[in-house]
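Peer 1: Just need the whole structure built from these sequences, with the hints factored in.
Protein chains in written order, with full-length UniProt numbering: chain A, 1 to 155; chain B, 1 to 77.
Honestly, I wouldn't trust all of these hints.
As a list, the in silico DSS-like pairs of lysine-lysine whose alpha-carbon atoms are at most 25 Å apart [claimed, not checked]:
no., chain 1, residue 1, chain 2, residue 2
1, B, K32, A, K59
2, A, K3, A, K117
3, A, K125, B, K13
Sample of chain A residues at the chain B side, in silico, Cβ under 8 Å [as the list claims (entries may be wrong)]:
no., residue
4, R24
5, V93
6, I122
7, W123
8, I135
Calculated from the structure, these hints are not laboratory results.
Just so you know, these numbers come straight off a predicted model, no measurement behind them.
Every residue, glycine too, gets a C-beta built ideally from N, C-alpha and C.
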Amino acid sequence: MSKQFWITDHPISIEEVVKLVSRREAGAINTFIGTVREFTYGKRTLHLEYQAYRPMAEKKLEQLGQEIEERWPDTKTAIAHRIGRLEIEDIAVVIAVSTPHRADSYDASRYAIERIKEIVPIWKKENWEDGEAWIGDQKEQKAYPEGSPKKEDMK
Amino acid sequence: MNRILFFAGLQEKVGQESLELDVTGKTVSEVKEYIGKQFQLDRLNEAMTAVNEEYADNQQKIGEGDVIAFIPPVSGG
Chain A
1 MSKQFWITDH
11 PISIEEVVKL
21 VSRREAGAIN
31 TFIGTVREFT
41 YGKRTLHLEY
51 QAYRPMAEKK
61 LEQLGQEIEE
71 RWPDTKTAIA
81 HRIGRLEIED
91 IAVVIAVSTP
101 HRADSYDASR
111 YAIERIKEIV
121 PIWKKENWED
131 GEAWIGDQKE
141 QKAYPEGSPK
151 KEDMK
Chain B
1 MNRILFFAGL
11 QEKVGQESLE
21 LDVTGKTVSE
31 VKEYIGKQFQ
41 LDRLNEAMTA
51 VNEEYADNQQ
61 KIGEGDVIAF
71 IPPVSGG
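Peer 2: Laid out in structure tokens, this is it:
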């Protein structure tokens with residue numbers, strides 16, 4: 001059995017991820033592709049660097065797949081996330097979800113990307129024109145206002 | 001003996017990816033306090049902690065051989 005959830009330092013093949021969820025029972029396959037953007041609120045990115053706690057990240061992606069199965073029965077999910085140096089327009093993440101009916105595939109796909117930003121130990125370092133910084137805030141909001149993560153974030 | 005892992009900004013501040021240290025019997029919050037002082041990591045509190053690749057709360061006790069990882073706020077995707 002090939003892996004459904006993995007971290008890689010090579011370019012991701014969208015087709016490969018989609019193939020992993022393709023099946024006769026599916027009426028829809030939703031594919032989300034996360035790419036490296038050049039401008040963020042006027043600030044210019046030159047390139048990005050992703051780092052992962054690899055074994056844990058793969059475990060957490062798998063857990064995420066199980067969560068999706070529980071919420072949307074008869075769903076099949078595959079996720080690949082790239083690490084290392086990425087250039088503008090490169091693909092950082094590919095999420096493919098297949099479901100019998102299309103509505104669930106949209107919902108599950110959205111859920112997957114939001115959860116990645118909450119629980120999967122992957123970090124992004126922005127290399128801007130005028131400096132660099134690790135982007136460390138859950139869902140790109142403020143980092144833990146109470147000084148430590150909430151209990152429900154740690155599931 | 002335990003292995004302690006650092007990532008992202010914490011890794012850069014500490015200057016290494018990991019270190020070997022015996023913290024068996026201590027709680028996660030005690031380990032955080034000790035490491036925070038040792039390496040002057042004033043934002044270590046913002047990091048989650050994983051013990052053996054599972055998120056752990058501050059009260060969890062470290063066992064012999066446990067691998068502890070400090071997980072700064074993540075930003076995958």
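Peer 1: Hint check: is the beta carbon of W123(A) less than 8 Å from a beta carbon of chain B?
Peer 2: holds, 4 Å
Peer 1: With chain B as the partner, please determine if R24(A) meets the hint condition of a C-beta pair closer than 8 Å.
Peer 2: Violated - the Cβ of R24(A) stays beyond 8 Å from chain B, reaching only about 30 Å at its closest.
Peer 1: Given the hinted pair K125(A) and K13(B), is their alpha-carbon gap at most 25 Å?
Peer 2: holds, 14 Å
Peer 1: Double-check V93(A) for me: the hint is only fine if its C-beta lies closer than 8 Å to a C-beta in chain B.
Peer 2: Hint on V93(A): holds, closest Cβ of chain B at ~5 Å, below 8 Å.
Peer 1: Does K117(A) sit within 25 Å of K3(A), going by the straight-line distance between their CA atoms?
Peer 2: holds, 21 Å
Peer 1: With a cut-off of 8 Å on the beta carbons, see whether I122(A) makes it to chain B.
Peer 2: Since the shortest Cβ distance to chain B is 3 Å, the answer is holds.
Peer 1: Decide if the proposed pair is consistent with the structure: K32(B) and K59(A), CA atoms, cutoff 25 Å inclusive.
Peer 2: With a Cα-Cα distance of about 24 Å, the restraint between K32(B) and K59(A) holds, given a limit of 25 Å.
Peer 1: Just to be careful: measuring from the Cβ of I135(A) to every Cβ in chain B, is the smallest value less than 8 Å?
Peer 2: Given a least distance of 4 Å, the restraint on I135(A) holds.
Of the numbered hints stated above, the single one contradicted by the structure is hint 4.
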